[in-house]
Amino acid sequence: METAPPSDALYSEDGIDLTMIRWMLSLTPAERLEVLQAAVNSILDIREQNAKT
Amino acid sequence: MPKPDYVAILLVLVEHRVDFVVVGGVGAVLQGAPIMTFDLDIVHSTEAANIERLAAALESLDAYYRMQPELKIKPQASHLASPGHQLLMTRHGPLDLLGAIGLGHAYGELIQKAIAVKIIAGVSVPVLELSSLITIKEETAGEKDRAVLPILRQTLRERG
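Chains A and B, in that order, are what the protein sequence lines are. When we follow this note's numbering, the leftmost residue of the first sequence carries the number 134, and every step to the right adds one. When we follow this note's numbering, the leftmost residue of the second sequence carries the number 1322, and every step to the right adds one.
Hints in this document: simulated from the structure, not taken from any laboratory. A few of these clues could be false.
Said to hold, decoys possible - Straight-line Cα separation of at most 16 Å, EDC-like style, residue types lysine to aspartate or glutamate; simulated pairs:
no. : chain 1 : residue 1 : chain 2 : residue 2
1   : B       : K1324     : B       : D1383
2   : B       : K1395     : B       : D1417
3   : B       : K1395     : B       : D1383
4   : B       : K1395     : B       : E1380
5   : B       : K1434     : B       : E1450
6   : B       : K1324     : A       : D178
7   : B       : K1439     : A       : E164
8   : B       : K1324     : A       : E181
9   : B       : K1434     : B       : D1340
10  : B       : K1324     : B       : D1360
11  : B       : K1324     : A       : D147
12  : B       : K1439     : A       : E167
13  : B       : K1395     : B       : E1373
14  : B       : K1465     : B       : D1360
15  : B       : K1393     : B       : E1380
What the hints assert, rightly or not - Derived list of chain B stretches under chain A, where covered just means 3 residues or more per stretch with a C-beta under 8 Å from a C-beta of chain A:
no. : region
16  : 1352–1361
17  : 1435–1445
No residue lacks a Cβ here, since even glycine has one placed at the ideal position from N, Cα and C.
Excised from the complex, chain B in its bound form (with noise of 0.2 Å):
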């Protein structure tokens, strides 16, 4: 596994002008969070323009699904327009690309809740805001999530 470049993944989908918010464990960290992830999650627009950027942005990381990383498949359009979950492995590391999350929460939702984060100097990205990571996460929290829960609401509280 390509050891994970954050930085580099969100830039180049900056550079494609892909419209996505990110969430999970990556989004908890840029807000102070000091919790442990391997993988960007984002969610990303599903319209078609974005669909292209998007694509686009995938070539140039040479993403393929991780799930079967012999068979380096490809993640096509209509795959990415869908509200499922694409897990992928890029040259800079995994990527999981989330058409919705928690119940149904999609881009157009997200973005409103979304705050701009400067991940470098002149870039900043939209990241889902803290108090509604943490709402959505509760909506369908997992083991996984239930053991993160309690240090994002105690960061929240400690952020004021």
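Chain A with its partners taken away, still in its complex shape (with noise of 0.2 Å):
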């Protein structure tokens, strides 16, 4: 039997992903950090990539 998704809202009325500041507010300052920096990072990298090609 498949379990139904949960049915809080998943986004507020103006459209922002709750999911994601709930998420980010689970963790401690030093770690959103570190989300911030690897996704920069990997932005940097997927740029340095395509300038190569």
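Each of the two chains sits in its own frame; use the hints to bring them together as a complex.
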């Protein structure tokens, strides 16, 4: 039997993804900074790869 | 461009006992906002002794103006004492030194609205509290800020 997805609102009225905010708020500030840094580094890696081709 | 290491930059500022407040995107992320930013924005005290400490920290970070990276122009004390914005590159990534933000909000005011946020064990830095960050961004909101403001407001609501 399939489990129904959680019925809590996923987005605010103006379309903001609430799951991302709740996930970020569940982290420590140091962990939040790591998330940002990893995201920035991934983008820079992709840019670098594209610049080579 | 060197890959940003925000913690490394902040640690150099702390080690040099620079008086500053983290503002902007990194300040918002530290408080739980899921947004993206590439540069670290700080507002620093423009008192003479602090400018000396800041200059030493920038020397240690190999900071230079990123507008003309090939010239590697280093910021001077007179630049750092101004209310203007110094957009720098360091060996740990971009660092924006802001003499004031919004409609002239400088260090003396902002430090009163800052909270201490732990970035690694035993080290905390002052970060402009999210509600103040939102208020100041609303004052002069350009397109970039207008795109981010709904996320910041929702983060504040979710935090309760």
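Taking the hints in turn, this is what the structure says about them:
no.: 1; hint: B/K1324 with B/D1383; result: 15 Å, holds
no.: 2; hint: B/K1395 with B/D1417; result: 13 Å, holds
no.: 3; hint: B/K1395 with B/D1383; result: 8 Å, holds
no.: 4; hint: B/K1395 with B/E1380; result: 8 Å, holds
no.: 5; hint: B/K1434 with B/E1450; result: 6 Å, holds
no.: 6; hint: B/K1324 with A/D178; result: 9 Å, holds
no.: 7; hint: B/K1439 with A/E164; result: 10 Å, holds
no.: 8; hint: B/K1324 with A/E181; result: 11 Å, holds
no.: 9; hint: B/K1434 with B/D1340; result: 14 Å, holds
no.: 10; hint: B/K1324 with B/D1360; result: 10 Å, holds
no.: 11; hint: B/K1324 with A/D147; result: 33 Å, violated
no.: 12; hint: B/K1439 with A/E167; result: 13 Å, holds
no.: 13; hint: B/K1395 with B/E1373; result: 14 Å, holds
no.: 14; hint: B/K1465 with B/D1360; result: 14 Å, holds
no.: 15; hint: B/K1393 with B/E1380; result: 12 Å, holds
no.: 16; hint: 1352–1361; result: holds (count 7)
no.: 17; hint: 1435–1445; result: holds (count 4)
Hint check: a violation occurs at hint 11 only; the rest are consistent with the structure.
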